[in-house]
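For the protein sequence lines, the chains are D and F, in the order given. Read in numbering that gives the first Met the number 0, the first sequence has 315 at position 316, and its numbers run on one by one without any break. Read in numbering that gives the first Met the number 0, the second sequence has 421 at position 422, and its numbers run on one by one without any break.
There may be inaccurate statements among the hints.
[As the list claims (entries may be wrong)] List of simulated lysine to aspartate or glutamate pairs, EDC-like, C-alpha gap at most 16 Å: (1) F:LYS345 x D:ASP87; (2) D:LYS162 x D:ASP247; (3) F:LYS381 x F:GLU341; (4) F:LYS221 x D:ASP247; (5) D:LYS272 x D:GLU3; (6) D:LYS221 x F:GLU80; (7) F:LYS221 x D:ASP191; (8) F:LYS221 x D:ASP346; (9) F:LYS54 x F:ASP86; (10) D:LYS272 x F:GLU341; (11) D:LYS54 x D:ASP87; (12) F:LYS272 x D:GLU341; (13) D:LYS221 x F:GLU341; (14) F:LYS185 x D:ASP161; (15) D:LYS194 x D:ASP247; (16) F:LYS272 x D:GLU35; (17) D:LYS185 x F:GLU163; (18) D:LYS18 x D:GLU35; (19) D:LYS185 x D:ASP197; (20) D:LYS221 x F:ASP197; (21) D:LYS54 x D:ASP86; (22) F:LYS272 x F:GLU3; (23) D:LYS221 x F:GLU251; (24) F:LYS185 x F:ASP172; (25) D:LYS194 x D:ASP243; (26) F:LYS106 x F:ASP78; (27) F:LYS221 x D:ASP86; (28) F:LYS54 x F:GLU38; (29) F:LYS6 x F:ASP55; (30) F:LYS221 x D:ASP243; (31) F:LYS272 x D:ASP172; (32) D:LYS221 x F:GLU343; (33) D:LYS221 x F:ASP346; (34) F:LYS221 x D:ASP161; (35) F:LYS221 x D:GLU141; (36) D:LYS221 x F:GLU35; (37) F:LYS162 x F:ASP65; (38) D:LYS272 x D:GLU35; (39) D:LYS345 x F:GLU3; (40) D:LYS272 x F:ASP247.
No wet-lab data here; the hints were simulated from the structure.
There are 2 protein chains.
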Amino acid sequence: MDFERIKGRLDALLEAGKKAELRGALNMLNEVDIAEYLETLDNEKVLMVFRLLPKDVSADVFAYMDNDQRTRIMEAMGDAEAMRIIDDMFVDDAVDFLEELPAGVVKRMLANCDQQRRDLLNQFLRYPENSAGRIMTIEYMEFHVGTTVGQAMTEIRRTAPDKETINTLYVLDDRRELLGTVALRKLLLANDDLKVEDLMNTQVISVRTTDDQELVADTVRKYDLLSIPVVDHENRLVGIVTVDDIVDVIEEENTEDFEKMAAMLPSDDEYLKTSVLTLAKNRLPWLLILMISATFTGMIITHFENMLASALVACIPMLMDTGGNCGAQASTLAIRGLALGEIELKDIGRILWKEIRVALMLGVVLALINFLRIWFFTPYDKDVAFVVSLAMFFTIIIAKSIGCTLPLLAKAIHLDPALMASPLITTMVDAASLFILFTIATQVLHLAG
Amino acid sequence: MDFERIKGRLDALLEAGKKAELRGALNMLNEVDIAEYLETLDNEKVLMVFRLLPKDVSADVFAYMDNDQRTRIMEAMGDAEAMRIIDDMFVDDAVDFLEELPAGVVKRMLANCDQQRRDLLNQFLRYPENSAGRIMTIEYMEFHVGTTVGQAMTEIRRTAPDKETINTLYVLDDRRELLGTVALRKLLLANDDLKVEDLMNTQVISVRTTDDQELVADTVRKYDLLSIPVVDHENRLVGIVTVDDIVDVIEEENTEDFEKMAAMLPSDDEYLKTSVLTLAKNRLPWLLILMISATFTGMIITHFENMLASALVACIPMLMDTGGNCGAQASTLAIRGLALGEIELKDIGRILWKEIRVALMLGVVLALINFLRIWFFTPYDKDVAFVVSLAMFFTIIIAKSIGCTLPLLAKAIHLDPALMASPLITTMVDAASLFILFTIATQVLHLAG
Numbered sequence: 000m001d002f003e004r005i006k007g008r009l010d011a012l013l014e015a016g017k018k019a020e021l022r023g024a025l026n027m028l029n030e031v032d033i034a035e036y037l038e039t040l041d042n043e044k045v046l047m048v049f050r051l052l053p054k055d056v057s058a059d060v061f062a063y064m065d066n067d068q069r070t071r072i073m074e075a076m077g078d079a080e081a082m083r084i085i086d087d088m089f090v091d092d093a094v095d096f097l098e099e100l101p102a103g104v105v106k107r108m109l110a111n112c113d114q115q116r117r118d119l120l121n122q123f124l125r126y127p128e129n130s131a132g133r134i135m136t137i138e139y140m141e142f143h144v145g146t147t148v149g150q151a152m153t154e155i156r157r158t159a160p161d162k163e164t165i166n167t168l169y170v171l172d173d174r175r176e177l178l179g180t181v182a183l184r185k186l187l188l189a190n191d192d193l194k195v196e197d198l199m200n201t202q203v204i205s206v207r208t209t210d211d212q213e214l215v216a217d218t219v220r221k222y223d224l225l226s227i228p229v230v231d232h233e234n235r236l237v238g239i240v241t242v243d244d245i246v247d248v249i250e251e252e253n254t255e256d257f258e259k260m261a262a263m264l265p266s267d268d269e270y271l272k273t274s275v276l277t278l279a280k281n282r283l284p285w286l287l288i289l290m291i292s293a294t295f296t297g298m299i300i301t302h303f304e305n306m307l308a309s310a311l312v313a314c315i316p317m318l319m320d321t322g323g324n325c326g327a328q329a330s331t332l333a334i335r336g337l338a339l340g341e342i343e344l345k346d347i348g349r350i351l352w353k354e355i356r357v358a359l360m361l362g363v364v365l366a367l368i369n370f371l372r373i374w375f376f377t378p379y380d381k382d383v384a385f386v387v388s389l390a391m392f393f394t395i396i397i398a399k400s401i402g403c404t405l406p407l408l409a410k411a412i413h414l415d416p417a418l419m420a421s422p423l424i425t426t427m428v429d430a431a432s433l434f435i436l437f438t439i440a441t442q443v444l445h446l447a448g
Numbered sequence: 000m001d002f003e004r005i006k007g008r009l010d011a012l013l014e015a016g017k018k019a020e021l022r023g024a025l026n027m028l029n030e031v032d033i034a035e036y037l038e039t040l041d042n043e044k045v046l047m048v049f050r051l052l053p054k055d056v057s058a059d060v061f062a063y064m065d066n067d068q069r070t071r072i073m074e075a076m077g078d079a080e081a082m083r084i085i086d087d088m089f090v091d092d093a094v095d096f097l098e099e100l101p102a103g104v105v106k107r108m109l110a111n112c113d114q115q116r117r118d119l120l121n122q123f124l125r126y127p128e129n130s131a132g133r134i135m136t137i138e139y140m141e142f143h144v145g146t147t148v149g150q151a152m153t154e155i156r157r158t159a160p161d162k163e164t165i166n167t168l169y170v171l172d173d174r175r176e177l178l179g180t181v182a183l184r185k186l187l188l189a190n191d192d193l194k195v196e197d198l199m200n201t202q203v204i205s206v207r208t209t210d211d212q213e214l215v216a217d218t219v220r221k222y223d224l225l226s227i228p229v230v231d232h233e234n235r236l237v238g239i240v241t242v243d244d245i246v247d248v249i250e251e252e253n254t255e256d257f258e259k260m261a262a263m264l265p266s267d268d269e270y271l272k273t274s275v276l277t278l279a280k281n282r283l284p285w286l287l288i289l290m291i292s293a294t295f296t297g298m299i300i301t302h303f304e305n306m307l308a309s310a311l312v313a314c315i316p317m318l319m320d321t322g323g324n325c326g327a328q329a330s331t332l333a334i335r336g337l338a339l340g341e342i343e344l345k346d347i348g349r350i351l352w353k354e355i356r357v358a359l360m361l362g363v364v365l366a367l368i369n370f371l372r373i374w375f376f377t378p379y380d381k382d383v384a385f386v387v388s389l390a391m392f393f394t395i396i397i398a399k400s401i402g403c404t405l406p407l408l409a410k411a412i413h414l415d416p417a418l419m420a421s422p423l424i425t426t427m428v429d430a431a432s433l434f435i436l437f438t439i440a441t442q443v444l445h446l447a448g
């Protein structure tokens, strides 16, 4: 059944005020779908439907709702009820919600929960934004050295329902230092009298609480992990990050790259939920910088103005666009290669050499097609066709070279390579292409420079 | 210890021919790191080191190596030994490797393995490229209706080491139709005499074997799943896809989008491993199409050539670039929003209205700055400044409108929205911006059109 039909049936029950039946129908749905349904309702109805949900389901549904609506529900239901929901959420989901709220509201809410939970949430909220500490969860299974398999299994049976994953179990020493991990499947197979340390894998791949979430995502992706332990600066286990949260991090980081590559400041919210003013503010800085820098390109035209045969002027857009596109192709691959860890700064020589060879091929083909096009299909003579085509050839080589090296150089001076994307490169290539065009024209057509 | 130091120590042992010590050292490393180390060795040494690895480790290491090197190892070691490795790999990893090999080699290899395995691999290789069937694995736990918890636990203990995940167990009826799933943690808590169907969750989210991997990734991401069952057209369970493979799919699909947005045909391989000729071939088509279409922009210039005051010509690059950048910003957000399922075709009105308001804001600011710049810092008079700024204003509005609607329209006619990215939009916006510029100039400066 698709979402529209589900919504239709639920709406009908809601209209008719059949609460018991509505509760029954909601019971058949996945938490994600319930959250999606709630987003279609107005404030008053949201709260009504939300209160129909069983307690454990409502915390999950809440975690899947968007921040605006969660804030509205919280405001409508009062601090005590709100805190009960936050209490039922996994710590990482609760932190994810709390960090978007105004500090005053967070303080008031935390005042309503018990000391232990409050300390915990406060600790999480103190980690740097976008760090491993902010996205980790504490709902994992840990055992101290000396625990037997039998004891461990009893403990797992007792507490498993509250854990986010029980696939991997963590073995700690008395100082809570992480010694190793045990796969649940190994525990299931083992004799009850064995100790957990006899089964553990000591080649643990972990991250620090202060590590950037991008590093966490890269590590999880590289080693194909389902979860990764997070340790503090003394190697004590404080949490784990599960792969479902990593999937969200990856999409977030990718979106940031996309936005930067299109000359925008990154934004955190979904497009439709971002205000027009915010969108405009995110877009203005780069547009402005690039607009101003494009005037230097105009200066090149002005400098050569007395030789502007209209044939040459008419080919300016084509030359500039092709150069810009070539540069963007090279820079996109370099940026993406850096993001995925496929290329490094030390590869710069190989990359440049590769790009120059690609550019030679493309240059010959495109220049030739261009030459034939001008010669056969325009009134201009062979000399003009030759000038434009030669300019095209060199523009492509320059564009590819700039496009592939700039992201690497940005990385070298610790700037984000994604900033060196098509718009910036286009502007530089524009200037180069016009300079090449007019210089060649001066030589070949014997015009005054 | 970082990779360079690990490599240094392993190289030293390898040079000295200390095989036993090398085996001991390798035993301390993660499979991913071993694969990374092998990639730094030449053919002869790779095979030697590879043969030092324990059998179960070597299959895992093999799965993490890149295709070139795997093919070389396979060729060096002969079909029988090669097939033993493929036998030890998870089915999805084996398929991932086999699908890149020439058909003849695949046939020869499959001839070396037993009937059952051969049939299985053949079945996987028949699924469409990039489909759920190609990336699924069959190493999951399934139980038929009527199995007791006690029987299930015995079976799990017996077979768990060969399964890719035992987190979720699948319940089938006699026709192998998927009825529901049971979380392992529920099984651990339950009484031995209960039946698996008493514990199962019947709200199963599944995909079909022929579904595109992008749909699989979207579903896993939406519902925060760790694995998803794959069923055939009669709802019979044939495999599962685990989230670690989904992470790879997401990166693959993102890279494709990036490449398309920079006007390239998508490629499957890592940048440094792609040949120069392939790179050139991927990049040529769009460059060519865009180069030719940019000549239409040139025609606009030619059409207005007798009115080409050099002031206007000099501002062409700035106008074109700003228009292109504005269009790219809008199209990037639309493409990304579509990819993440945040916006749909039916939102087109809201998006267009939003973009137009953003464009009005940006247009006023940029046009004003531009006006002041020309008036104060160039020899041209107020009229020229006015013409250029007004053209800038309308260009931004047109660019944003084109940028946000084209990806949505592409989606409507079942084209990939990512194709409507900056390069194509730049070309369209270039033509529009020049047309606007010259039209306004004709009116205001009273030049002949």
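Verification of the supplied hints:
1. For the proposed pair F:LYS345 and D:ASP87, the alpha carbon gap of about 36 Å is over 16 Å, so the pair is violated.
2. For the hint linking D:LYS162 to D:ASP247, the alpha-carbon distance of about 20 Å lies beyond 16 Å, and the restraint is violated.
3. A C-alpha spacing of about 45 Å is found between F:LYS381 and F:GLU341, which places the hinted pair above 16 Å, so the restraint is violated.
4. A threshold of 16 Å between alpha carbons decides the hint, and for F:LYS221 with D:ASP247 the separation of about 10 Å falls inside it, so the pair holds.
5. Distance restraint check for D:LYS272 and D:GLU3: the Cα-Cα separation of roughly 21 Å exceeds the 16 Å cut-off, and the hinted pair is therefore not satisfied.
6. Taken as a hint, the D:LYS221 and F:GLU80 pair is broken in the structure, with Cα atoms around 27 Å apart against an allowance of 16 Å.
7. The suggested pairing of F:LYS221 with D:ASP191 is violated, with an alpha-carbon distance near 39 Å, which exceeds 16 Å.
8. Restraint check for F:LYS221 and D:ASP346: the C-alpha separation of about 37 Å exceeds 16 Å, so the hint is violated.
9. Under the criterion of a C-alpha separation no larger than 16 Å, the hint pairing F:LYS54 with F:ASP86 is consistent with the structure, at around 11 Å.
10. Restraint check for D:LYS272 and F:GLU341: the C-alpha separation of about 10 Å stays at or below 16 Å, so the hint holds.
11. The suggested pairing of D:LYS54 with D:ASP87 holds, with an alpha-carbon distance near 8 Å, which does not exceed 16 Å.
12. Annotation: proposed proximity of F:LYS272 to D:GLU341 holds, straight-line Cα distance about 10 Å (limit 16 Å).
13. A threshold of 16 Å between alpha carbons decides the hint, and for D:LYS221 with F:GLU341 the separation of about 28 Å lies outside it, so the pair is violated.
14. A distance of roughly 11 Å separates the Cα atoms of F:LYS185 and D:ASP161; the hinted pair therefore holds under the 16 Å criterion.
15. A C-alpha spacing of about 37 Å is found between D:LYS194 and D:ASP247, which places the hinted pair above 16 Å, so the restraint is violated.
16. Taking the CA atoms of F:LYS272 and D:GLU35, the gap is near 43 Å; set against the 16 Å cutoff, the hint is violated.
17. Pair hint D:LYS185 plus F:GLU163 holds up; C-alpha atoms about 13 Å apart against a cutoff of 16 Å.
18. This hinted pair does not check out: D:LYS18 and D:GLU35 have alpha carbons roughly 19 Å apart, beyond 16 Å.
19. Using a Cα cut-off of 16 Å, the hinted pair D:LYS185 and D:ASP197 holds, with the two alpha carbons roughly 11 Å apart.
20. For the hint linking D:LYS221 to F:ASP197, the alpha-carbon distance of about 39 Å lies beyond 16 Å, and the restraint is violated.
21. Of the supplied pair hints, the one linking D:LYS54 and D:ASP86 holds, its CA atoms being roughly 11 Å apart against a limit of 16 Å.
22. Taking the CA atoms of F:LYS272 and F:GLU3, the gap is about 21 Å. The hint is violated against a cut of 16 Å.
23. For the hint pairing D:LYS221 with F:GLU251, the CA-to-CA distance comes to about 14 Å; that is within 16 Å, so the pair holds.
24. In summary, the hint linking F:LYS185 to F:ASP172 is not supported, as the alpha carbons are separated by about 20 Å, beyond the 16 Å threshold.
25. At most 16 Å may separate the alpha-carbon atoms for a hinted pair to count; D:LYS194 and D:ASP243 exceed this at roughly 31 Å.
26. Of the supplied pair hints, the one linking F:LYS106 and F:ASP78 holds, its CA atoms being roughly 11 Å apart against a limit of 16 Å.
27. Taken as a hint, the F:LYS221 and D:ASP86 pair is broken in the structure, with Cα atoms around 24 Å apart against an allowance of 16 Å.
28. Between F:LYS54 and F:GLU38, the direct Cα distance comes to roughly 19 Å. Violation of the 16 Å bound is thereby established for this hinted pair.
29. For the proposed pair F:LYS6 and F:ASP55, the alpha carbon gap of about 22 Å is over 16 Å, so the pair is violated.
30. For the proposed pair F:LYS221 and D:ASP243, the alpha carbon gap of about 10 Å is at most 16 Å, so the pair holds.
31. Restraint check for F:LYS272 and D:ASP172: the C-alpha separation of about 45 Å exceeds 16 Å, so the hint is violated.
32. Straight-line distance between C-alpha atoms of D:LYS221 and F:GLU343 comes to about 33 Å, which puts the hinted pair past the 16 Å bound.
33. A C-alpha spacing of about 37 Å is found between D:LYS221 and F:ASP346, which places the hinted pair above 16 Å, so the restraint is violated.
34. Among the hinted pairs, F:LYS221 with D:ASP161 is inconsistent with the structure: their alpha-carbon atoms are about 22 Å apart, more than 16 Å.
35. With a C-alpha separation of about 29 Å, the suggested pair F:LYS221 and D:GLU141 falls outside the 16 Å cut-off, and the hint is violated.
36. Pair hint D:LYS221 plus F:GLU35 holds up; C-alpha atoms about 11 Å apart against a cutoff of 16 Å.
37. Restraint check: the Cα-Cα separation between F:LYS162 and F:ASP65 comes to about 24 Å, which exceeds 16 Å; the hinted pair is violated.
38. Restraint check: the Cα-Cα separation between D:LYS272 and D:GLU35 comes to about 15 Å, which is no more than 16 Å; the hinted pair holds.
39. With a CA separation close to 14 Å, the supplied pair D:LYS345 and F:GLU3 stays within the 16 Å bound.
40. Of the pairs offered as hints, the one joining D:LYS272 and F:ASP247 is violated, with about 29 Å between alpha carbons and a cut-off of 16 Å exceeded.
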